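There are 6 protein chains.
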Amino acid sequence: MAMSSLIEYEQASPEVRAVYDDIMATRRTDRVNNFWKAIARDPATLRRTWQSVKEIMTPGALDALTKEMIYVAVSVTNQCGYCIASHSAAARKAGMTDSMFAELMAVVGMANETNRLASGYQVEIDEQFKVG
Amino acid sequence: MAMSSLIEYEQASPEVRAVYDDIMATRRTDRVNNFWKAIARDPATLRRTWQSVKEIMTPGALDALTKEMIYVAVSVTNQCGYCIASHSAAARKAGMTDSMFAELMAVVGMANETNRLASGYQVEIDEQFKVG
Amino acid sequence: MAMSSLIEYEQASPEVRAVYDDIMATRRTDRVNNFWKAIARDPATLRRTWQSVKEIMTPGALDALTKEMIYVAVSVTNQCGYCIASHSAAARKAGMTDSMFAELMAVVGMANETNRLASGYQVEIDEQFKVG
Amino acid sequence: MAMSSLIEYEQASPEVRAVYDDIMATRRTDRVNNFWKAIARDPATLRRTWQSVKEIMTPGALDALTKEMIYVAVSVTNQCGYCIASHSAAARKAGMTDSMFAELMAVVGMANETNRLASGYQVEIDEQFKVG
Amino acid sequence: MAMSSLIEYEQASPEVRAVYDDIMATRRTDRVNNFWKAIARDPATLRRTWQSVKEIMTPGALDALTKEMIYVAVSVTNQCGYCIASHSAAARKAGMTDSMFAELMAVVGMANETNRLASGYQVEIDEQFKVG
Amino acid sequence: MAMSSLIEYEQASPEVRAVYDDIMATRRTDRVNNFWKAIARDPATLRRTWQSVKEIMTPGALDALTKEMIYVAVSVTNQCGYCIASHSAAARKAGMTDSMFAELMAVVGMANETNRLASGYQVEIDEQFKVG
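Chains as they are written, first to last, in this note's numbering: chain A, 9 to 140; chain B, 9 to 140; chain C, 9 to 140; chain D, 9 to 140; chain E, 9 to 140; chain F, 9 to 140.
Treat the hints with care, as some may be off.
In this list, chains with the same sequence are indistinguishable; a pair is considered to hold if it fits within one copy or across any two.
Unchecked claim - With a Cα cut of at most 27 Å, we get these calculated BS3-like pairs of lysine-lysine:
{"#": "1", "residue 1": "K138", "residue 2": "K101"}
{"#": "2", "residue 1": "K101", "residue 2": "K62"}
{"#": "3", "residue 1": "K62", "residue 2": "K138"}
Quick caveat, the hints were computed from the structure, so don't treat them as lab data. If you're wondering where the values come from, they're calculated on a predicted model, not measured in any experiment.
Only chain A is shown next, with the shape it has when bound in the complex (with noise of 0.2 Å):
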């Protein structure tokens, strides 16, 4: 048995089919991604994930685009090949120039470098960076 065999819509229970429901009402969209079709065989998991997401996902004190290149940024630094491919998708639909993608491209690599340059020189945090 294939270890990332796809649920699909018509043959899910109907535990199922209410988060595809869900996903597909909040994202105004007719299709769900792979990801949610392959957690789909733990309904547990599915539940709880899409939960979450939507809950963090809803445009709050950072907009929606926002949100999505933050995830863009982290699924780079983590190289999570699918999720650099849908999350990258989501943010140029939530409005993602080809200039703001080169501009995150550019943050996102930067931080990678300097976050090993403090490690490897050893550097104190200063003290007026210090948590109370």
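Assemble the complex: chain A is given as a structure, and chains B, C, D, E and F must be docked to it using the hints.
Quick look at chains B, C, D, E and F alone, frame taken from chain A:
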């Protein structure tokens, strides 16, 4: 000799002082973070890194606050203590409120979780996310 | 010349064959995974790595299944595609059911999330967790 | 204002107190770890994270000890100091002996090594491990 | 529109062509790797990245081969498939033999293992290794 | 009981003392680092790890200094504080000058940056870098 001895302004060469001066002028502050004082042990790395950071962090298609939050997202993902402390401070200075910080952390945490679900379930990239 | 050319049993030196034989005997199988055939390009690494893996993966205070699931947890966290595929298969062979896999993924995902919340919120270690 | 100021029970809002109460009741203890007191700065994250952790860490197909050891495996791989300290303590409380800890570390170390050998040697996934 | 469309020399702007020309001249080759053709979508990132790579990879206190092997060590640790492939090729071009590659992989693997043993056992830094 | 209690020579079993003796003889020193004293809590891990480190770090196709610098490169990439401190000291002992350290850090930083640019731009591997 200590690995991370910091180069203070007073002891710095003219080349290093010029970079410190530009950092303080650009950031409208009268102090230089330990990070710069540490990598100043190698003036070439100091100059090149500052040049790149200055160019990349200048507001463009993305504003200063968004860029600093992306920096925090990468630093948290990489577990770089120094960078989390210094860039969280920088993000607050650029206008990050408590609510923004809370949402930033929520997205970073969630992205790190779903990055692993995607790879653990070995999810195939959806046709429409594929690169041409 | 290809980087990952695999050393098949037929072309292998006696030293490499001896390791292949021990792998197949220990694992009660008649095939050797690509991983071993790839690192066999360096017989010293092949021998040392197999020796260590054999010693470490032998059931002891932890049983074979638990050890394989820990291997999967690390591989997923590191986003190592090959290792996720091979160790998920090994864990299933050792008795991992669909429910166990689902719970394993849920814990791995959650741990990756809270690891970042802990560092992002710069949480100090509780006194009672401190090392003496 | 300090980044990681902890929200103590006495100063907590009713919403936060309710989570603290549930944590203490579920874990049969009279104290709440710094992790929860730190993320309590954002009650929504506190509630959602506790909800997920509670659901995921409940014994099911995997027992409590196995789940805590997987948590440690991920935290060690990610080099999260706080999480290593707190989850090692939790694993010991759940029954992890010195021998189990020793074997856990050995597997985690080995997996991190072979993850890199697999990617460095660019090993192709074996046909029989491929996802359908 | 594809995310990673490559900018070929023929379609490139004069600014991008100038960088391509310098890459080919510096590396004494008549082709430009996909990496550069991909980031050329953002000429500023192309120029800055090439400038930095050129400056950093020039033989100095460390020779070209040592620098390329360090590049491979980082790329393998980060599990970056593209970078492993391209920098392994570059290291071979700079003189890396099969034996050197084998020892490089062995050190990278071992370092990734002991990094986790050190953090998992929560080892305190020895007095004499402390930074002044 | 503390997690990382160190096993000093005086209290060590004959099996552990034999490893300590070999470490000191091999490294021509009269002290044993905390790392070994910590993992000595599990004599099997101590013996196996020392055996592997000794075999791998012996000068061969790569000299001792190059191997130590590769160790530092991995440790910095993984943000392992203990390992950065101890292997930077070991590299200096093996002959790493300030200039070499500076160039090592520059390469490690740059590689961490371009690793992310490569994955973020989803660069396809060039035909000639492909594995056969």
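Practice item. Indicate which option fits the pair K101, K62 if close means a Cα-Cα distance not exceeding 27 Å: within, between, both or neither. Key: within (17 Å within a copy, 29 Å between copies)
Review point. Should K138 paired with K101 be assigned to within, between, both, or neither, using CA atoms and 27 Å as the limit?
Key: between (39 Å within a copy, 15 Å between copies)
Practice item. Go through the copies and call it for K62 and K138: within, between, both or neither, with a Cα cutoff of 27 Å. Key: Result: close only across copies, 24 Å inter versus 34 Å intra.
No hint from the list above goes unmet by this structure.
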